[in-house]
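J.: Sequence:
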Amino acid sequence: MNFSREIQDSGAMKTSGSNPLLCNDDEIDDAEFGGFRKAAKKFLYKHVPITYWLPKYSLDSLFRDITAGVTVGLMVVPQGLAYATIANLPVQYGLYSAYLGCFVYCVFGGCKEIAFGPTATTSLMVSRFDKGEPHYAITLALVGGLVQFLLGVTRLGFLVRFISIPVHSGLVSAIAFTIGFGQMKHLLGLKRIPRDFLIHNCINTFKHIRETNPWDLLLGFCCIVLLFLLRKLNRMKWEENEYVPKWQRVCRKFLWLLSTGRNALVIVLAASVVKAVESMSDKKDIFTLTKEVEGGIPEFRVSNEVYLCDFIFLALIHRPSSV
Numbered sequence: 001m002n003f004s005r006e007i008q009d010s011g012a013m014k015t016s017g018s019n020p021l022l023c024n025d026d027e028i029d030d031a032e033f034g035g036f037r038k039a040a041k042k043f044l045y046k047h048v049p050i051t052y053w054l055p056k057y058s059l060d061s062l063f064r065d066i067t068a069g070v071t072v073g074l075m076v077v078p079q080g081l082a083y084a085t086i087a088n089l090p091v092q093y094g095l096y097s098a099y100l101g102c103f104v105y106c107v108f109g110g111c112k113e114i115a116f117g118p119t120a121t122t123s124l125m126v127s128r129f130d131k132g133e134p135h136y137a138i139t140l141a142l143v144g145g146l147v148q149f150l151l152g153v154t155r156l157g158f159l160v161r162f163i164s165i166p167v168h169s170g171l172v173s174a175i176a177f178t179i180g181f182g183q184m185k186h187l188l189g190l191k192r193i194p195r196d197f198l199i200h201n202c203i204n205t206f207k208h209i210r211e212t213n214p215w216d217l218l219l220g221f222c223c224i225v226l227l228f229l230l231r232k233l234n235r236m237k238w239e240e241n242e243y244v245p246k247w248q249r250v251c252r253k254f255l256w257l258l259s260t261g262r263n264a265l266v267i268v269l270a271a272s273v274v275k276a277v278e279s280m281s282d283k284k285d286i287f288t289l290t291k292e293v294e295g296g297i298p299e300f301r302v303s304n305e306v307y308l309c310d311f312i313f314l315a316l317i318h319r320p321s322s323v
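Taking UniProt numbering, the leading residue of the sequence shown gets 1, the next gets one more, and so forth.
Honestly, I wouldn't trust all of these hints.
[To be verified] Okay, derived cross-link-like pairs now, DSSO-like style, lysine-lysine, Cα gap no bigger than 30 angstroms in a straight line:
{"#": "1", "residue 1": "K191", "residue 2": "K131"}
{"#": "2", "residue 1": "K42", "residue 2": "K56"}
{"#": "3", "residue 1": "K131", "residue 2": "K41"}
{"#": "4", "residue 1": "K237", "residue 2": "K112"}
{"#": "5", "residue 1": "K56", "residue 2": "K41"}
{"#": "6", "residue 1": "K112", "residue 2": "K42"}
{"#": "7", "residue 1": "K56", "residue 2": "K131"}
{"#": "8", "residue 1": "K112", "residue 2": "K131"}
{"#": "9", "residue 1": "K207", "residue 2": "K283"}
{"#": "10", "residue 1": "K291", "residue 2": "K191"}
{"#": "11", "residue 1": "K46", "residue 2": "K56"}
{"#": "12", "residue 1": "K232", "residue 2": "K112"}
{"#": "13", "residue 1": "K46", "residue 2": "K131"}
{"#": "14", "residue 1": "K232", "residue 2": "K283"}
None of these hints come from the bench; they were simulated from the model.
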């Protein structure tokens, strides 16, 4: 359900961009595989790439992958929480969906640059059907996975080429407006704004604009400014030459790491500010906070309840999405 590379930047997890050992068709010459055994080996390398690159894995690749993993992890944690909120699910499910796919993709994945996991598009689409129940979201993920699997087995991926660019751009733009304005109620600290169609959401937001929590607005605005500055810092081009002192290189590396993990940094700073302000005040509802999050990993089991039929029925009778 990944629709565009723009969506991949939001919250999706990435494999290491430094691993040159992933297999592709160009690296496996047909002439090299003569006979049934070598043809089977080629098939295995192509469809289970871990069997190709793992024997060649080096300590240098491990170090680079650890660096990439830490960098991506600092971005995925806050993004996963945000995507779960957009999907109208408990926030911990954003974390579950962000990392569980890695265990499968490291075995069957053949592209080191691809991004996967929760995205803004899928989160918004899921929110139209899950009714706030994780079971419906899990069923939707299962159905979507089965459809993608069948498309892959039958080699129907070329159908994506028939989706025109204007349609694709219109979808992404509409989602950006819907999500962007849908988060205004959280930025303003408004608590009685229902999740509804974009126009109705705008009307309700302006109706209750006088109920704005100034503490939420101030903290949210400061976080946005800080994120913008850190993003600019991350894209800054430094002069590279052999005469740059070592301490400057260390400082640049530190600033790069700081700006790359800006999402996690802002969350830690904001949480510290909230804790400090509430500790100095008798009131405990100065800021609008996330509810208590259930800890641990959910039990791996098959539910006794059947949600697939309910989900299909819901999808058939549901009104078209607001997007």
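J.: Please go over all the hints and tell whether each is borne out by the structure.
T.: These are the hints, each one checked on the structure:
With a C-alpha separation of about 19 angstroms, the suggested pairing of K191 with K131 holds against the 30 angstroms cut-off. For the proposed pair K42 and K56, the alpha carbon gap of about 16 angstroms is at most 30 angstroms, so the pair holds. As the CA atoms of K131 and K41 are separated by approximately 46 angstroms, the hinted pair breaks the 30 angstroms bound. This hinted pair checks out: K237 and K112 have alpha carbons roughly 25 angstroms apart, not beyond 30 angstroms.
A C-alpha spacing of about 16 angstroms is found between K56 and K41, which places the hinted pair at or below 30 angstroms, so the restraint holds. Our distance criterion of 30 angstroms between C-alpha atoms is met by K112 and K42, whose separation comes to about 19 angstroms. For the suggested pair K56 and K131, the alpha carbons sit about 47 angstroms apart, so the restraint of at most 30 angstroms is broken. Taken as a hint, the K112 and K131 pair is broken in the structure, with Cα atoms around 35 angstroms apart against an allowance of 30 angstroms.
Between K207 and K283 the alpha-carbon distance is near 26 angstroms, which keeps this suggested pair within the 30 angstroms criterion. Restraint check for K291 and K191: the C-alpha separation of about 13 angstroms stays at or below 30 angstroms, so the hint holds. Annotation: proposed proximity of K46 to K56 holds, straight-line Cα distance about 16 angstroms (limit 30 angstroms). A threshold of 30 angstroms between alpha carbons decides the hint, and for K232 with K112 the separation of about 26 angstroms falls inside it, so the pair holds.
For the hint linking K46 to K131, the alpha-carbon distance of about 40 angstroms lies beyond 30 angstroms, and the restraint is violated. At roughly 37 angstroms between alpha-carbon atoms, K232 and K283 are farther apart than 30 angstroms, so this suggested pair is violated.
Of the numbered hints given earlier, the model fails hints 3, 7, 8, 13, 14; all others are met.
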